Amino acid sequence: MTAIVPESARASGPDHENENARRALAAGVAPRKFGALYIVEHRIRALRGYASSAILTSLGNPIVYLFALGVGLASLVPEGIGGVSYLEFVAPALLCAAAMTVAANETTYPIVAGFKWNPIFFGMNASPIAGAQIVQGVMIFIALRMTFAVAVYYAVILAFGAVPSVWGIVTVPIAVLTGMAIGLLISSYSATLKDERGQLAMVMRFGFTPMFLFSGTFFPLEQLPIYLQPIGWVSPLWHGVELGRLAAYGHAIEPWLIAVHIGYLVSIVVIGLWSTSRTMTRRLAG
Amino acid sequence: MPAPVITASSLVKKYDDFTAVAGIDFEVAPGESFGLLGPNGAGKSTTMRMIGAVSTRTDGELEILGLDPNLHGPDIRSQLGVVPQQDNLDLDLRVRDNLLVYGRYFGLPRKLIAERADELLEFAQLADRKTAKVDELSGGMKRRLTIARALINDPRILLLDEPTTGLDPQARHILWDRLFRLKERGTTLVLTTHYMDEAEQLCDRLVVVDKGQIMAEGSPASLIREYSSREVLEVRFGSDKNAEAAERVQGIGERIEVLPDRLLIYSDNGEAELEKIAAMGLHPITSLVRRSSLEDVFLRLTGRSLIE
Numbered sequence: 001m002t003a004i005v006p007e008s009a010r011a012s013g014p015d016h017e018n019e020n021a022r023r024a025l026a027a028g029v030a031p032r033k034f035g036a037l038y039i040v041e042h043r044i045r046a047l048r049g050y051a052s053s054a055i056l057t058s059l060g061n062p063i064v065y066l067f068a069l070g071v072g073l074a075s076l077v078p079e080g081i082g083g084v085s086y087l088e089f090v091a092p093a094l095l096c097a098a099a100m101t102v103a104a105n106e107t108t109y110p111i112v113a114g115f116k117w118n119p120i121f122f123g124m125n126a127s128p129i130a131g132a133q134i135v136q137g138v139m140i141f142i143a144l145r146m147t148f149a150v151a152v153y154y155a156v157i158l159a160f161g162a163v164p165s166v167w168g169i170v171t172v173p174i175a176v177l178t179g180m181a182i183g184l185l186i187s188s189y190s191a192t193l194k195d196e197r198g199q200l201a202m203v204m205r206f207g208f209t210p211m212f213l214f215s216g217t218f219f220p221l222e223q224l225p226i227y228l229q230p231i232g233w234v235s236p237l238w239h240g241v242e243l244g245r246l247a248a249y250g251h252a253i254e255p256w257l258i259a260v261h262i263g264y265l266v267s268i269v270v271i272g273l274w275s276t277s278r279t280m281t282r283r284l285a286g
Numbered sequence: 001m002p003a004p005v006i007t008a009s010s011l012v013k014k015y016d017d018f019t020a021v022a023g024i025d026f027e028v029a030p031g032e033s034f035g036l037l038g039p040n041g042a043g044k045s046t047t048m049r050m051i052g053a054v055s056t057r058t059d060g061e062l063e064i065l066g067l068d069p070n071l072h073g074p075d076i077r078s079q080l081g082v083v084p085q086q087d088n089l090d091l092d093l094r095v096r097d098n099l100l101v102y103g104r105y106f107g108l109p110r111k112l113i114a115e116r117a118d119e120l121l122e123f124a125q126l127a128d129r130k131t132a133k134v135d136e137l138s139g140g141m142k143r144r145l146t147i148a149r150a151l152i153n154d155p156r157i158l159l160l161d162e163p164t165t166g167l168d169p170q171a172r173h174i175l176w177d178r179l180f181r182l183k184e185r186g187t188t189l190v191l192t193t194h195y196m197d198e199a200e201q202l203c204d205r206l207v208v209v210d211k212g213q214i215m216a217e218g219s220p221a222s223l224i225r226e227y228s229s230r231e232v233l234e235v236r237f238g239s240d241k242n243a244e245a246a247e248r249v250q251g252i253g254e255r256i257e258v259l260p261d262r263l264l265i266y267s268d269n270g271e272a273e274l275e276k277i278a279a280m281g282l283h284p285i286t287s288l289v290r291r292s293s294l295e296d297v298f299l300r301l302t303g304r305s306l307i308e
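Heads up: the protein sequence lines correspond to chains A and B, in order.
Using the working numbering, read the first sequence as starting at 1 and increasing by one per residue.
Using the working numbering, read the second sequence as starting at 1 and increasing by one per residue.
Isolated chain A, as found in the complex (with noise of 0.2 Å):
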């Protein structure tokens, strides 16, 4: 059975259909060139709806660790680490585990309610802009954001007197790669998550807490007996806490190191946004 409009229905067709298409590839041309800059936009407005509360952890989160840490721990190690302070020693790594902790908050819920309870990625892809521009949009949001908290941390760091080198600055963009290699992982994972059933919970009590905890943070990962060292290795944070150090203190690192550190973190953001391209792409698709 067909139901083809009827031949005598149809005027001359040719013409029309150009111009139709014309138009169609006309209007194509910014989506396929901006559309990732559009959900970012997206993010952006609907950050305002609790932007006050993002700004106030912000602040809030550094100001308690570095008392507690800074003030407190710091005060039964007087000797220092490696050299410098315990809060010097430490201050790097909280920088670090602060952008992990923006990328786990941004990565897990938010990733799997974007395709189920607010299912606002159908609606992105039903307008022009392509599976693989929402994840950059949505990667590059939360990498904006990422920066934004660091910053403020890295502010409050210095308030604290935590940074002894000028080139301490460069621990903000060393966090900001390491928060989107541990954001880029758990998202390659969250989006592949049709029913959430305490997955998620998972991924944070037995990947992150251990990650934040055995990554060299808060003591230096040598101190570990040799079987539990391989945590560090394969953890994301443990390489950005160490280029951290070397950037706020000249934590001496081996020049080969540098660049296996360097090419790990690289290579998970890499990763990770083509496998999360990949699942979500796919499931738009569908």
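Hint data in this document are derived by calculation from the structure and do not stem from the laboratory.
Where hints are given, some of them may not hold.
[As the list claims (entries may be wrong)] In silico lysine-lysine, DSS-like type, Cα no more than 30 Å apart, as pairs:
id: 1; chain 1: B; residue 1: Lys111; chain 2: B; residue 2: Lys130
id: 2; chain 1: B; residue 1: Lys241; chain 2: B; residue 2: Lys276
id: 3; chain 1: A; residue 1: Lys116; chain 2: B; residue 2: Lys14
id: 4; chain 1: A; residue 1: Lys116; chain 2: B; residue 2: Lys133
id: 5; chain 1: B; residue 1: Lys14; chain 2: B; residue 2: Lys211
id: 6; chain 1: B; residue 1: Lys14; chain 2: A; residue 2: Lys194
id: 7; chain 1: A; residue 1: Lys116; chain 2: A; residue 2: Lys33
id: 8; chain 1: A; residue 1: Lys33; chain 2: B; residue 2: Lys111
id: 9; chain 1: B; residue 1: Lys211; chain 2: A; residue 2: Lys116
id: 10; chain 1: A; residue 1: Lys194; chain 2: B; residue 2: Lys183
id: 11; chain 1: B; residue 1: Lys111; chain 2: B; residue 2: Lys133
id: 12; chain 1: B; residue 1: Lys142; chain 2: B; residue 2: Lys183
id: 13; chain 1: A; residue 1: Lys194; chain 2: B; residue 2: Lys142
id: 14; chain 1: B; residue 1: Lys142; chain 2: A; residue 2: Lys116
id: 15; chain 1: B; residue 1: Lys142; chain 2: B; residue 2: Lys111
id: 16; chain 1: B; residue 1: Lys133; chain 2: A; residue 2: Lys194
id: 17; chain 1: B; residue 1: Lys130; chain 2: A; residue 2: Lys116
Remember, it's a predicted structure, so these values are computed and weren't measured experimentally.
Based on the hints, put chain B in the right spot on chain A.
For chain B alone, coordinates are given in the frame of chain A:
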């Protein structure tokens, strides 16, 4: 009528072992209001997602506005308005903001979007709710906002997947009125529905779809003429006596359908058939004579009801 804006031939969509759309052919002319009528799971939504240049076809040919969606998805989507089966408004944004961000997806200038947003809120009868949160809106209002959002790019074709499913009767009528206005303005509408009254109200032409295939095609009136009688007599004898009564009334009317709870007797004169039944000494508990509807067409074509 100029060249069709949508042409599908032997269109197929498979998911693993399951064939959702099993080779369908249709065309939609500009300005036409075209419907896909069928029960849940008939493949209507899948077809809509292929027309929407979102879901990729497994086989067959599809052209929308003269372009292949496999190659020109974004370009085609720039010309479409999409009202999905489930609203996907951004609940984190307010009513008007939903239109503003959506307009930006098309790369439209902010000033133009702002003007259109206000016009569309007026059209959707939501002008007084523009700063409300989406969650505070009723189902019908959300639906109207979704339609307003779908119109923000002044689309050439508006796709509506089950536009009034789940709405109360009053909300449905308001929505039909709005859609009818769009139709009068010359917007091409493609809609799916499993409500025959909706199809009768809104569609110039429709296809009846079942199990991924097109069973029949035509205007609502021509389908009814072709596949059903002018009137239908519905009689109920009570669940245990229906089957027995059905045997006794054989031969009355043009055709009889036996449903679990009632008999449908197809005829051009329902009252006359009812008199014949009474003359046989049968006394139905209730009886009703009505016009034939698309529901009857569907029953005839598939042996099943639309809403199961």
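Each hint tested on the structure:
A hinted pair counts as satisfied when its Cα atoms are at most 30 Å apart, and Lys111 of chain B with Lys130 of chain B qualifies at roughly 17 Å. With a C-alpha separation of about 18 Å, the suggested pair Lys241 of chain B and Lys276 of chain B falls inside the 30 Å cut-off, and the hint holds. About 23 Å separates the Cα atoms of Lys116 of chain A and Lys14 of chain B, which keeps this hinted pair within 30 Å; it holds. For the hint linking Lys116 of chain A to Lys133 of chain B, the alpha-carbon distance of about 19 Å falls within 30 Å, and the restraint holds.
Taken as a hint, the Lys14 of chain B and Lys211 of chain B pair is honoured in the structure, with Cα atoms around 12 Å apart against an allowance of 30 Å. For the given pair, Lys14 of chain B sits about 20 Å from Lys194 of chain A by alpha-carbon distance, which is consistent with the 30 Å threshold. Between Lys116 of chain A and Lys33 of chain A, the direct Cα distance comes to roughly 28 Å. Compliance with the 30 Å bound is thereby established for this hinted pair. Between the alpha carbons of Lys33 of chain A and Lys111 of chain B the distance comes to roughly 20 Å, so the proposed pair stays at or under 30 Å and holds.
A threshold of 30 Å between alpha carbons decides the hint, and for Lys211 of chain B with Lys116 of chain A the separation of about 27 Å falls inside it, so the pair holds. About 37 Å separates the Cα atoms of Lys194 of chain A and Lys183 of chain B, which puts this hinted pair outside 30 Å; it is violated. A C-alpha spacing of about 23 Å is found between Lys111 of chain B and Lys133 of chain B, which places the hinted pair at or below 30 Å, so the restraint holds. With a C-alpha separation of about 21 Å, the suggested pair Lys142 of chain B and Lys183 of chain B falls inside the 30 Å cut-off, and the hint holds.
This hinted pair checks out: Lys194 of chain A and Lys142 of chain B have alpha carbons roughly 25 Å apart, not beyond 30 Å. Only pairs whose Cα atoms come within 30 Å are accepted, and Lys142 of chain B paired with Lys116 of chain A is accepted, the gap being roughly 17 Å. About 24 Å separates the Cα atoms of Lys142 of chain B and Lys111 of chain B, which keeps this hinted pair within 30 Å; it holds. Distance restraint check for Lys133 of chain B and Lys194 of chain A: the Cα-Cα separation of roughly 27 Å lies within the 30 Å cut-off, and the hinted pair is therefore satisfied.
For the hint linking Lys130 of chain B to Lys116 of chain A, the alpha-carbon distance of about 25 Å falls within 30 Å, and the restraint holds.
Hint violations for this structure: number 10 only, all remaining hints satisfied.
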